[in-house]
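Engineer: Chain by chain, the residues:
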Amino acid sequence: MNSAVALQTTLPILIPLISGALSLVLWRSRQLQRGISVLGTGALMIASVWLLLSVYADGIQVMYAGNWPAPFGIVLVADLLSSIMVLLTGITGLATAVYSLATISKTHEHYGYYPLMHLLLAGVNGAFLTGDIFNLYVWFEVMLVASFALLILGGERAQMEGAIKYVTLNLVSSAIFLSAIGLLYGLTGTLNMADLAVKLADHQDNPMVQVIAMLFLMAFGIKAGAFPLFFWLPASYHTPRVAVSSLFAGLLTKVGVYALFRVFTLIFPLGDSLTRDLLLGMAGATMLVGVLGAAAQFEFRRILSFHIISQIGYMLMGLALYTPLAIIGGVFYIIHHIIVKSNLFLISGLVYRLQGSYDLKQLGGVWRSHPMIGVLFLIPALSLAGLPPLSGFFGKFIVIKAGVEAQQWWLVGVALLVGLLTLYSMTKIWAEVFWKALPEGAAAPAQQRGGTSLMVITIVALSTMTVLIGVAAEPVYRLAEHTASQLLDSQAYIQSVMGVN
Amino acid sequence: MSTLLATAVGVLYATAIYLILRRSIVKLVIGLVLLSNAANLLIFTSSGLTRYAPPLIPEGADMVLNGVVADPLAQALILTAIVIGFGVLAFAVVLIHRAYEVVKADDMDQMKDTDT
Amino acid sequence: MNMPNQPDSLILRVTGHFLLPLLIMFSLFLLLRGHNEPGGGFIGGLVASAAIALHLFFTDVQSARRLIWLDPRDLLGWGLTIAIASGVIAMFSGLPFLSALWTELSVPMFGMLKIGTPLMFDIGVYLVVIGTVLNILLSLAEAEDA
Chain G
1 MNSAVALQTT
11 LPILIPLISG
21 ALSLVLWRSR
31 QLQRGISVLG
41 TGALMIASVW
51 LLLSVYADGI
61 QVMYAGNWPA
71 PFGIVLVADL
81 LSSIMVLLTG
91 ITGLATAVYS
101 LATISKTHEH
111 YGYYPLMHLL
121 LAGVNGAFLT
131 GDIFNLYVWF
141 EVMLVASFAL
151 LILGGERAQM
161 EGAIKYVTLN
171 LVSSAIFLSA
181 IGLLYGLTGT
191 LNMADLAVKL
201 ADHQDNPMVQ
211 VIAMLFLMAF
221 GIKAGAFPLF
231 FWLPASYHTP
241 RVAVSSLFAG
251 LLTKVGVYAL
261 FRVFTLIFPL
271 GDSLTRDLLL
281 GMAGATMLVG
291 VLGAAAQFEF
301 RRILSFHIIS
311 QIGYMLMGLA
321 LYTPLAIIGG
331 VFYIIHHIIV
341 KSNLFLISGL
351 VYRLQGSYDL
361 KQLGGVWRSH
371 PMIGVLFLIP
381 ALSLAGLPPL
391 SGFFGKFIVI
401 KAGVEAQQWW
411 LVGVALLVGL
421 LTLYSMTKIW
431 AEVFWKALPE
441 GAAAPAQQRG
451 GTSLMVITIV
461 ALSTMTVLIG
471 VAAEPVYRLA
481 EHTASQLLDS
491 QAYIQSVMGV
501 N
Chain S
502 MSTLLATAVG
512 VLYATAIYLI
522 LRRSIVKLVI
532 GLVLLSNAAN
542 LLIFTSSGLT
552 RYAPPLIPEG
562 ADMVLNGVVA
572 DPLAQALILT
582 AIVIGFGVLA
592 FAVVLIHRAY
602 EVVKADDMDQ
612 MKDTDT
Chain F
618 MNMPNQPDSL
628 ILRVTGHFLL
638 PLLIMFSLFL
648 LLRGHNEPGG
658 GFIGGLVASA
668 AIALHLFFTD
678 VQSARRLIWL
688 DPRDLLGWGL
698 TIAIASGVIA
708 MFSGLPFLSA
718 LWTELSVPMF
728 GMLKIGTPLM
738 FDIGVYLVVI
748 GTVLNILLSL
758 AEAEDA
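Chains as they are written, first to last, in my numbering: chain G, 1 to 501; chain S, 502 to 617; chain F, 618 to 763.
Next comes chain G alone, as it looks inside the complex (with noise of 0.2 Å):
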């Protein structure tokens, strides 16, 4: 194996462990913590951009961890979906970590926001690249260790409540998903990915196998926020700072949508199955219950919240679907919604800071006082309802599309329907926060130290992102392709994990 494979691979995940590691050691010093949060993650980002350039350029690349030959030891895989999402969680990173300057107190930068920051990146990358499903129960551990610790740091009671109910589902979601792998190692004696998707081809008949993929659903439907599934999400994702907020919002459900995909193409392939029906079933009822969820709310972040489950709908069917088309749509959703939720939080963030509040009926008159904050939230949010040219049109477009050709129309119905509402709900916040006055008695904003101009530049690079998406579909969606047709592919894969060494 040459080394800059080996370098290229474990880098998303060694960048974020030294910088938090760094900035622990370094934890006297607040102003070095910030510089090395910034370094980290763009370093991180850079790294990323290397990974998918290369993984595009030379195919799947496989790093075997202490030299181990696959199907012993722990593989990092890197395909094009694995390099894809490295690169989103690289954006979002240095967004969040640019953002954080701004917005992030003392007391908290005392507490190690930063090395808990880099800790939740170090697992996510670790989820998204390896290719040993033990490890991957790891990463998310590592990953759900430093998200717990991130939500309640600050200690309010809303936080204390919607800690709880977050820690508690995560909790048992691992505990499904440890028993899965148990249950699996008993039946097949391997924990490699690519291993088990050959060992499992001879369980076919094996009612076990059943058993284990609905385990596998449960604990990944969990972490995704799939129907019915979902309720730690709404419960929690709006008490911590908006930083937080905005890392978990675009990341962290991400990992389990990632996870499905991993696990129903490689490991248990969807076809005609009993599982494919239900996650049908599933993708529909979590857009339907995500948007009415959102219809009901008046608080910024608990409406972003429960759009959260909506879009994960989406990328559901896409998964669900199983047709190339389908894949394709649903890896694009997953490229376009990841940067602009993480972008609609922050701007709820900028809302705050600009009047102090996040219930819309104490907020108003932003857009007569502050134009340009209106136009930065309308560039996300129409993205986010799939109006074109912006980049949620094409990802709905494709997903609707590959709909019709597999002929599900209950589905197609409702993820229409879900558009409209989706709408719907930013038309509301787009009246209440922009449009209607400011009325009386509203909070005022809290005194805070710093400018806006970090925070406005990070809304600003990731709008252009989402236009960009949108104007330059094409190579995005040639990108999506490829990765479908890998994921389609689960050959190549396991030859590329079992074959080299």
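If you're looking for bench data, these hints aren't it; they were derived computationally from the structure. Using N, Cα and C, we set each Cβ at its ideal position, and we do this for glycine too. Each hint should be verified, as a subset may be incorrect.
Taking lysine-lysine pairs in the BS3-like style, the calculated list, with each CA pair at most 30 Å apart, reads [claimed, not checked]:
id : chain 1 : residue 1 : chain 2 : residue 2
1  : S       : K613      : G       : K361
2  : G       : K165      : G       : K436
3  : G       : K436      : G       : K401
4  : G       : K106      : S       : K605
5  : S       : K528      : G       : K165
6  : G       : K428      : S       : K613
7  : S       : K528      : S       : K605
8  : S       : K605      : G       : K165
9  : G       : K106      : G       : K199
10 : G       : K361      : G       : K428
11 : G       : K165      : S       : K613
12 : G       : K436      : G       : K361
13 : S       : K528      : S       : K613
14 : G       : K401      : G       : K165
These stretches of chain S come out as covered by chain G in the derived footprint (C-beta under 8 Å, 3 or more residues) [to be verified]:
id : segment
15 : 551-560
16 : 580-591
Dock chains S and F against chain G, hints included.
Structural biologist: Here is chains S and F on its own, set in the frame of chain G:
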């Protein structure tokens, strides 16, 4: 033996779920502890229960193991899961302690502010 | 947690003073023999933290903090750095992350000593475990005292 252990796993899961569904947050955490132990015992049981020799090569012997030996990987998995479970549950204990200080009640029904 | 309304236990205090160095030594023993025999960084770290927890039973938080003289966060940070460094070393020789490298050192009186990156990793884990447990333990004890 595996029937006995399978029953124990089942009882552990059932107890854990019962405790998680209680209103008390202390019982909730005890339920989570039991749940992670149930999963560990499940790995142990499902990876095969036979009296094998430990997979250790005696000092000075060849690098090859003779005869049938136990599967060390399942034990490594359980050890890792125990370590992770230890860390996560230590965090959960701190969390419920803090939550108790803030909410002043050992009752999930008092923690509904973020649900509506 | 020396609470004013709780009687001070003489037996615990006297045995505790004797046990503390023994436990720390035992934890180091577990750490060093961990590569080939049962033991290792995690178990060693837990034993060491248990020793300090025992110390906490018959003294207060301040004296426990003085005992470890480093902030738990420093232990955590340095432990993590050492553990990661042990994996990175291999990358400089062109091997994948976490590959084990060994070297033999001759130590006077003892003969040849085999040391390598897995031992370094274990030392890192040892420090991380002590740092984590003490961080949680001390913050709980301080909350109790306040």
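Engineer: Between S/K613 and G/K361, is the straight-line Cα distance small enough, at 30 Å or below?
Structural biologist: holds (21 Å)
Engineer: Would you check the hint for G/K436 and G/K361, treating anything up to 30 Å between C-alpha atoms as holding?
Structural biologist: Satisfied, since the Cα-Cα distance of roughly 10 Å is no more than 30 Å.
Engineer: Check whether the Cα positions of S/K528 and S/K613 lie no farther apart than 30 Å.
Structural biologist: With Cα atoms ~18 Å apart, S/K528 and S/K613 stay inside 30 Å; holds.
Engineer: Assess, step by step, whether the Cα of G/K436 is no farther than 30 Å from the Cα of G/K401, and give holds or violated.
Structural biologist: Not satisfied, since the Cα-Cα distance of roughly 37 Å exceeds 30 Å.
Engineer: Would the pair G/K106 and G/K199 pass a check requiring their Cα atoms to be no farther apart than 30 Å?
Structural biologist: violated (53 Å)
Engineer: Run the distance test for G/K401 versus G/K165: straight-line Cα separation, threshold 30 Å.
Structural biologist: violated (37 Å)
Engineer: Are the Cα atoms of G/K165 and S/K613 separated by 30 Å or less?
Structural biologist: Within the cut-off at roughly 10 Å; holds.
Engineer: With the threshold set at 30 Å, check whether the alpha-carbon distance from G/K106 to S/K605 stays at or below it.
Structural biologist: Distance ~27 Å between G/K106 and S/K605 Cα, so the pair holds.
Engineer: Counting residues of the segment 551-560 of chain S with a beta carbon closer than 8 Å to any beta carbon of chain G, are there 3 or more?
Structural biologist: violated (count 0)
Engineer: Is the Cα-Cα distance between S/K605 and G/K165 30 Å or less?
Structural biologist: With a Cα-Cα distance of about 17 Å, the restraint between S/K605 and G/K165 holds, given a limit of 30 Å.
Engineer: Against the 30 Å threshold, does the CA-CA distance of G/K428 and S/K613 hold or violate the hint?
Structural biologist: Given pair G/K428, S/K613 holds - Cα atoms ~25 Å apart, limit 30 Å.
Engineer: With a cut-off of 30 Å on the C-alpha distance, tell me whether G/K361 and G/K428 pass.
Structural biologist: Within the cut-off at roughly 11 Å; holds.
Going through the hint list in order, the structure does not satisfy hints 2, 3, 9, 14, 15.
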